[in-house]
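The whole structure should be built from the sequences, with the hints applied where relevant.
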Amino acid sequence: ETGVTQSPTHLIKTRGQQVTLRCSSQSGHNTVSWYQQALGQGPQFIFQYYREEENGRGNFPPRFSGLQFPNYSSELNVNALELDDSALYLCASSYISLMGNSPLHFGNGTRLTVT
Amino acid sequence: AQTVTQSQPEMSVQEAETVTLSCTYDTSESDYYLFWYKQPPSRQMILVIRQEAYKQQNATENRFSVNFQKAAKSFSLKISDSQLGDAAMYFCAYVGQGAQKLVFGQGTRLTINP
Chain A
1 ETGVTQSPTH LIKTRGQQVT LRCSSQSGHN TVSWYQQALG QGPQFIFQYY REEENGRGNF
61 PPRFSGLQFP NYSSELNVNA LELDDSALYL CASSYISLMG NSPLHFGNGT RLTVT
Chain F
116 AQTVTQSQPE MSVQEAETVT LSCTYDTSES DYYLFWYKQP PSRQMILVIR QEAYKQQNAT
176 ENRFSVNFQK AAKSFSLKIS DSQLGDAAMY FCAYVGQGAQ KLVFGQGTRL TINP
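If you read the protein sequences in the order shown, they are chains A and F. 64 is the number that this note's numbering gives to position 64 of the first sequence; each next residue is one higher, with no gaps. Every position in the second sequence, counted from 1, becomes a number in this note's numbering once 115 is added.
Treat the hints with caution; some may be incorrect.
Cβ pair distances, simulated, as ranges [stated by the list, open to error]:
{"#": "1", "chain 1": "A", "residue 1": "18", "chain 2": "F", "residue 2": "129", "range": "48 to 54 Å"}
{"#": "2", "chain 1": "F", "residue 1": "188", "chain 2": "A", "residue 2": "69", "range": "35 to 41 Å"}
{"#": "3", "chain 1": "A", "residue 1": "70", "chain 2": "F", "residue 2": "127", "range": "46 to 52 Å"}
Derived by calculation from the structure, the hints in this document are not laboratory data. What you are looking at is a predicted structure, and each value in this text was computed from that prediction instead of being measured. Here a beta-carbon is modelled for each residue, glycine too, at the ideal position from N, C-alpha and C.
What follows is the structure, encoded as C-alpha cells:
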C-alpha cells in the first residue's frame, strides 16, 4: 500500500512569485485535502477535493487554488506569494463513501520559505 | 465555529512513566469525531487514536487511551509506559459528521526523559 507522497520536500521562493506543490494520494483514496501549518501552530484547512471538484474551503484567499486529477493526485497552487505564506504545507488523503469517511492519512509535507 | 484548545504547550515524562495530554473543544454539533495525531520531526502527521462522539466507551490503542467527557467537551490522551519514540508534537483534532475539515489544536510538545 503506497502512502501519501509530496514533492518537493523544501522550496524557496521570492515574494510575488507563484508556486505549485504536488501530492500523490494513498492507494484507494478518492479525496485529497491541503493544510497549511505555520511554525509552532496546528495545521489550518485550506481546501478539499473530491471527484476533481473543490468540496470545501477554509479561510484562504483565491490566490490559493488547487486541482485533483483522475488518478486522485493533486496540486496546490499559490499565486502572488507573500512572506506569511512561509509554512509547512501538508497533503492528506482519505476515502469518502456512503458509509462515511476514513481518517486522513498525511504526507511528510512541503516546507515553503518565501523571502 | 468549532475550536480546539490544548492548554499545555510542553510536557515531559520519564521513560516508562504515564503522561496525560489535555484537550478541550467547543461545538454545537452532536455528531462528530475526535482524534489525536502525532507529528515527529519527520513532519508526517500520524494518527494515534480516534473517538466517535456517539460512543460512550473510551477508545484504546495499545499504550494509548483517551478519556472522552462529552458533556465537558474534554478529550485527553493518556500514554502509558512512555517510550523514547513517543517524543513528538501531539495535536488534538475535531471534525463534524459529514464535514470536510479537521480543526486542530495548537499542539503539545512531549519530551521523554531517559
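**Non-conforming hints, listed in increasing numerical order** = none
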